[in-house]
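Peer 1: Top line first, the protein sequences correspond to chains A and B. 1 is the number of the first residue of the first sequence in full-length UniProt numbering; add one for each residue after it. 1 is the number of the first residue of the second sequence in full-length UniProt numbering; add one for each residue after it.
Treat the hints as calculated values from the structure; they're not laboratory data. Predicted, not measured: the structure shown is a model, and the values here were computed from it. Heads up, the beta-carbon is just placed ideally off N, CA and C, and yes, glycines get one too. A couple of the hints might just be wrong.
[Unchecked claim] Covered by chain B, according to a simulated footprint, are these stretches of chain A (three or more residues, beta-carbon under 8 Å):
id: 1; stretch: 56-66
id: 2; stretch: 81-87
id: 3; stretch: 162-171
id: 4; stretch: 179-190
There are 2 protein chains.
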Amino acid sequence: MRDTFHADLDTLNDQLIEMSRSVAEAMRGASRVLVESDTARASEVIAGDTDINELQYTVDDRVTEIMTQRQAVATDLRFILSSIRIATDLERMGDMARHVAKLAQRLDPDGALTQTRPIFEAMATAAARIADKTTRVLETRDRLDATQLDLDDDEMDALYSRLLGQLSSQWTHGAEAAVDVAMIGRSYERYGDHAVRIGHQVVYLVTGEIHLDRPQ
Amino acid sequence: MRDTFHADLDTLNDQLIEMSRSVAEAMRGASRVLVESDTARASEVIAGDTDINELQYTVDDRVTEIMTQRQAVATDLRFILSSIRIATDLERMGDMARHVAKLAQRLDPDGALTQTRPIFEAMATAAARIADKTTRVLETRDRLDATQLDLDDDEMDALYSRLLGQLSSQWTHGAEAAVDVAMIGRSYERYGDHAVRIGHQVVYLVTGEIHLDRPQ
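Just chain A, same shape as in the assembly:
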């Protein structure tokens, strides 16, 4: 049987998994606002982000509690400190979902969306895959899954480049819609980046190797 201290660490990990599921769900909702023009769902996603933010405070409080309990050994300490960073990235992923939901409401289904929907659909699929893999990585700490997040993110980056490519010469829906499209795309792209950072944290937990995040 695990002692109280380690049971608390398990609970901490469970809270990260819960956060990860929430940000997966949030981006799924946001993607539906976008690709299905389901604007009724937007307010739900936007309101739900407050719960995700509060989960981060729960994680932070638990970390403080755990740290005051006893002097942690190196491996436990590594996990505890990583939790703070992982929760920060998850919180940002929630922000990105909120951002997509907010901007997606304004896109004209018969205008800007006609030209961008296929790419957005692919971005939505990639984001869902990334989010589910992030949750799995937190559950299993599988190093292979964690590093595969880099590849999924490369795909997302490529989609983002293609999207920006649409906003060049052949764009006919005006500057304002172009900005909304680019901002939505960037939110998906950032969502992937944060998942990659979580993957690197997990690799660091498992191996002690730091993967330096190089400038994009």
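Let chain A serve as the given structure and place chain B on it in line with the hints.
Peer 2: Leaving out everything else, chain B in the frame of chain A:
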């Protein structure tokens, strides 16, 4: 005289201050690329971001070292855990400066910039003020300065709204330049947001009060 443990905490704070000065310098450089079309400076800002990222790892390593040294009491622990979060926000501020420098090189001084330069100049001034105040807050932990960052950030948000307003009907420089302008504006806006988060962390350090970051 301070003992080794507290001397290490001082060093940790010095590293945060050093990071804060670096991100102030980075955004000043990026702003010169933007408002003075000093494109030669862009590569310097972009390369410098790697140093800022590495400062974050230095902070993280020091935190781990400090934590394995001894069981910290509540107030020290609060500072140690805050350092991780503050370093994360500073690292992101560095990213925002890099992003401005990168995109600013593409803006046409005789095109998109003619319409946006006054607002960008105001954003550059606001960013410099915010960055300097952030450094001062880390140096003095002055609660008033920390909360004033919220007001400075409100000004930045207002400038960002005005900038986006420029990209509506009267915009004549095409969708691609509109997207670059919006992304640069958003980077300044995010730069301010991260400074506000640092301000809240410092208030939390001084008072123990958590200021919940509400969705924008």
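Peer 1: Would you mind marking each hint as holding or not holding in the structure?
Peer 2: Checked hints:
no.: 1; hint: 56-66; result: holds (count 4)
no.: 2; hint: 81-87; result: holds (count 3)
no.: 3; hint: 162-171; result: holds (count 4)
no.: 4; hint: 179-190; result: holds (count 4)
Consistency note: the structure conflicts with none of the earlier hints.
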